[in-house]
Amino acid sequence: MTDSEKAKELLEKGNYTLVLVSKDQIETDSLRGVHPLLNRMGKDYSSYSAADKVIGKGAAFLYILLKIKNVSCHIISKPALEIFRHYGIHVDYEKLVEHIYNHQKDGYCPVEEATSLVETPEEALPIICETLKKLGEK
80 MTDSEKAKEL
90 LEKGNYTLVL
100 VSKDQIETDS
110 LRGVHPLLNR
120 MGKDYSSYSA
130 ADKVIGKGAA
140 FLYILLKIKN
150 VSCHIISKPA
160 LEIFRHYGIH
170 VDYEKLVEHI
180 YNHQKDGYCP
190 VEEATSLVET
200 PEEALPIICE
210 TLKKLGEK
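Numbering (this note's numbering), first residue to last: 80 to 217.
Heads up, some of the hints might be wrong.
Unchecked claim - Simulated pairs of lysine-lysine, DSS-like, Cα-Cα distance not exceeding 27 Å: (1) Lys102 <-> Lys92; (2) Lys157 <-> Lys212; (3) Lys122 <-> Lys146; (4) Lys122 <-> Lys184; (5) Lys102 <-> Lys148; (6) Lys122 <-> Lys85; (7) Lys148 <-> Lys213; (8) Lys213 <-> Lys157; (9) Lys213 <-> Lys85; (10) Lys174 <-> Lys157; (11) Lys212 <-> Lys146; (12) Lys132 <-> Lys213; (13) Lys148 <-> Lys132.
To be clear, the hints were calculated from the coordinates, so they are not data collected in a lab.
Model the full assembly from the supplied sequences, consistent with the hints where possible.
Right, dumping it as structure tokens:
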């Protein structure tokens, strides 16, 4: 079983929002949104495969900063898919959507909206952190 397959299987079987796998090393998280990715900033995950529930543009930039080699997800936004393709990251997904919506489903995800005009991961990180701070989430 590949790292990617193992990550997907663990995501499905567990109550996780994120699973990272590199050979025998496994990291899981159950936090919502981009928090699981932000909590891992500064570490090198270049040998890891990831499985995630939902990926928007902001999360895609964070995956680039973490140096993840490939990603699987249930739902991905078109802007996020474009970022992965631009950076040569392999991505498998079940459903492609125009945009990621917020938890209330009455508007766009605040992180996706805040990064809509951002072009680089380095530019995205402080914008994501500031957005979460304004929302009272970090």
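Status of the hints after comparison with the structure:
1. Lys102 <-> Lys92: 18 Å, holds
2. Lys157 <-> Lys212: Status holds; Cα separation ~26 Å.
3. Lys122 <-> Lys146: Since the Cα atoms of Lys122 and Lys146 sit roughly 9 Å apart, the hinted pair holds (cutoff 27 Å).
4. Lys122 <-> Lys184: Not OK: Lys122 and Lys184 at ~33 Å, beyond 27 Å, violated.
5. Lys102 <-> Lys148: Since the Cα atoms of Lys102 and Lys148 sit roughly 13 Å apart, the hinted pair holds (cutoff 27 Å).
6. Lys122 <-> Lys85: 21 Å, holds
7. Lys148 <-> Lys213: Measuring from Cα to Cα gives roughly 31 Å; hence the hint is violated.
8. Lys213 <-> Lys157: Distance ~25 Å between Lys213 and Lys157 Cα, so the pair holds.
9. Lys213 <-> Lys85: 36 Å, violated
10. Lys174 <-> Lys157: 10 Å, holds
11. Lys212 <-> Lys146: 25 Å, holds
12. Lys132 <-> Lys213: 24 Å, holds
13. Lys148 <-> Lys132: 17 Å, holds
Checked against the numbered hints above, the structure breaks hints 4, 7, 9 and satisfies the rest.
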